[in-house]
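Undergrad: What follows is each chain in one-letter form.
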Amino acid sequence: MSRKLIAVLLLGCVTALIPRSAAQATDIAVVVNSDSRLTNVSLVDLRKIFAGEKRTWPGGIPVKLIIRAPGCRERFVLLKLLGMSESEYKQYWLAQTFRGEAESEPFTAPSFGMTLEAIKIFAGAITLIDARELKPGIKVIKLDGHMPGDPGYALH
Amino acid sequence: MLRVQNIAVVFLLLSGSLWAQSSAPSDAETIALLAQQVKALQKETMELRGRVKTLEEGGVKVQTAPPEAAIAAPAPQPPPPVPDAAATEASPGPTPEVHDLHRIQWRGFGEADYKVLDQRQPELATYGFVPGSQGNFYTADFGLFVTSRLTAKASVLSEIVFEEADAQKYQVDLRRVLLKYDYNDYLKLSFGRYQTNIGYYNWAFRSAAWLQTTADRPLVMEFASNGGLLPTQAIGVSVTGGIPSGTLGLNYVAEYGSSDTVRPDISGDGFVTDENNGNQTNVGFFARPDWLRGLQFGSSYYHDQISNNILNGATGEPVPLLPRSLGPAVRYNQTIVNAYAVYVAHGIEFLNEAFLIRQALVRGSLHFDTPAFYSQFSKQLGPVRPFFRYQYLNANSSIDSIFNDVGLRFGPSFGARYDLDDYIAFKAQMDHTVRRGEPDLNGLQLQVAFTF
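Protein sequence lines, in the order shown, are assigned to chains F and C.
Note that our numbering has the first sequence beginning at 1, numbered continuously upward.
Note that our numbering has the second sequence beginning at 1, numbered continuously upward.
Here chain F stands alone, though its shape is the one from the complex:
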């Protein structure tokens, strides 16, 4: 009887944990405008791009950052990439603006649909999208040679 009880308990634990670990493992894809010639970016460069330190693409097209609104998973991963809290992120961009290093805080898209529209329209656009939400026609680039879902993919 006790073995059955233990088995049931273990089953319950496994049932509780499986969906959680699967959610944690979801990768965040790096998405660019479909006309972009970019196919790969390093994690170091990605951080520089989203910190506004790298402001033009190799062809000379200005980088256009599309950032998801606070509360989104992509935003959380972005802040982790930059090593900032939400408050530090706001202060950082205000400081960058005062320094003349940026015109304003990056474009914050309040919805997924608006993110996709922005990516389509701006030639130099780059954003982060939850890999579960990827659709055909979205250009995903490699991160340090890995696509989302590959072993060793760094952004999740």
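Among the hints, a few may not be true.
[To be verified] Simulated crosslink set (BS3-like; lysine-lysine; CA at most 27 angstroms straight-line):
(1) C:Lys153 with F:Lys54
(2) F:Lys142 with F:Lys80
(3) C:Lys379 with F:Lys80
(4) F:Lys90 with C:Lys39
(5) C:Lys39 with F:Lys120
(6) C:Lys169 with F:Lys139
(7) F:Lys120 with C:Lys153
(8) C:Lys169 with F:Lys90
(9) C:Lys43 with F:Lys90
(10) F:Lys120 with C:Lys43
(11) F:Lys139 with C:Lys379
(12) F:Lys80 with F:Lys54
If you're looking for bench data, these hints aren't it; they were derived computationally from the structure.
Use these hints to put chain C onto chain F, whose structure you have.
TA: Chain C only, in chain F's frame:
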């Protein structure tokens, strides 16, 4: 057996609820996102209604398509316009849409201060502080920061500062006005009035007290118009950019322009020194290595020619020369060498800058060296950031030294910055300054700095 089954059912229910809790943040994110979208749409609707009302009041008949027309409209639609960067954020606090007016972005910053010094002999008053008072309130700098993008690569930046002067009068200073052209990451050009990139502090904090951790600037980095030693402003061309250097992250800065520094004596004698600077050249390099995020170190070299032209601060008339003084006719070669290393990451701010200012007589051997440094450390602890700063400055007191009013000064400052929210910060700072030939100076400064 029945008991075991009951336990199993209860446990499975419990595990199900646990799973539900683990996925709860995702639901919360979704709800927050939806709430933001609804808020953004409501705001947009209200704005559109307001515009319709305005147009109707102006005699314009606004036509709304009948529902049938909307249903039977198969014509291809142009891609929906993407709202401007500033028009969509729904975060709390001042939202960017209020900062965007016909593609002109604007921001503002200001401060309100209370300062008290135990000075027995009044020194220079700046930012509205009254010398010799037991303590008083003042508003220092109130700035408006305006930018506008002209093309994908060109933009305009301006910084207009209303600075409190004596007797609560305000003077306007166009601190920066720049036409910027960013060709790429390796070549960024700026034309107009700029703040000289001597060292780190000027670049990092500009004029906004809200950006600074401390309530005031280190004396050596103070604006020249407030008694600072460096030529902080110039009109000319500034070129910056990256240098391909792998993980070192090397950048350069080169500036050539005209500055005309008029610096009030900080000893409180009422005189100002009009340096009549010639054209200035400033070149510098700095690195942001990939291997230690937050580290930046660099060096710069500045050169111009200046005079020691002493004027009465109130009348602008030349002050009679002291016996054996060289006077304003002679020129000095001024070179300023700076080196710095800063680390700003993970809530830590560690700033270290050193300067050597040399003013050497043109066609002569007479020269004056002014070494200076400051070191500042702070750490974010929740909303509070305690800080400690130590500064040192040693100017020659000879009558021909342009900085003879400064002399030797050194001492610590400490205090804390408390961020009430993302836009308002309260600071409290204590200073102790040792001065050559003068009693030590102790001060307390309280400040509310804000941006909007």
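Undergrad: So, for every hint listed, does it hold in this structure?
TA: How the hints compare with the structure:
| no. | hint | result |
| --- | --- | --- |
| 1 | C:Lys153 with F:Lys54 | 14 angstroms, holds |
| 2 | F:Lys142 with F:Lys80 | 19 angstroms, holds |
| 3 | C:Lys379 with F:Lys80 | 19 angstroms, holds |
| 4 | F:Lys90 with C:Lys39 | 20 angstroms, holds |
| 5 | C:Lys39 with F:Lys120 | 24 angstroms, holds |
| 6 | C:Lys169 with F:Lys139 | 58 angstroms, violated |
| 7 | F:Lys120 with C:Lys153 | 20 angstroms, holds |
| 8 | C:Lys169 with F:Lys90 | 33 angstroms, violated |
| 9 | C:Lys43 with F:Lys90 | 22 angstroms, holds |
| 10 | F:Lys120 with C:Lys43 | 25 angstroms, holds |
| 11 | F:Lys139 with C:Lys379 | 41 angstroms, violated |
| 12 | F:Lys80 with F:Lys54 | 18 angstroms, holds |
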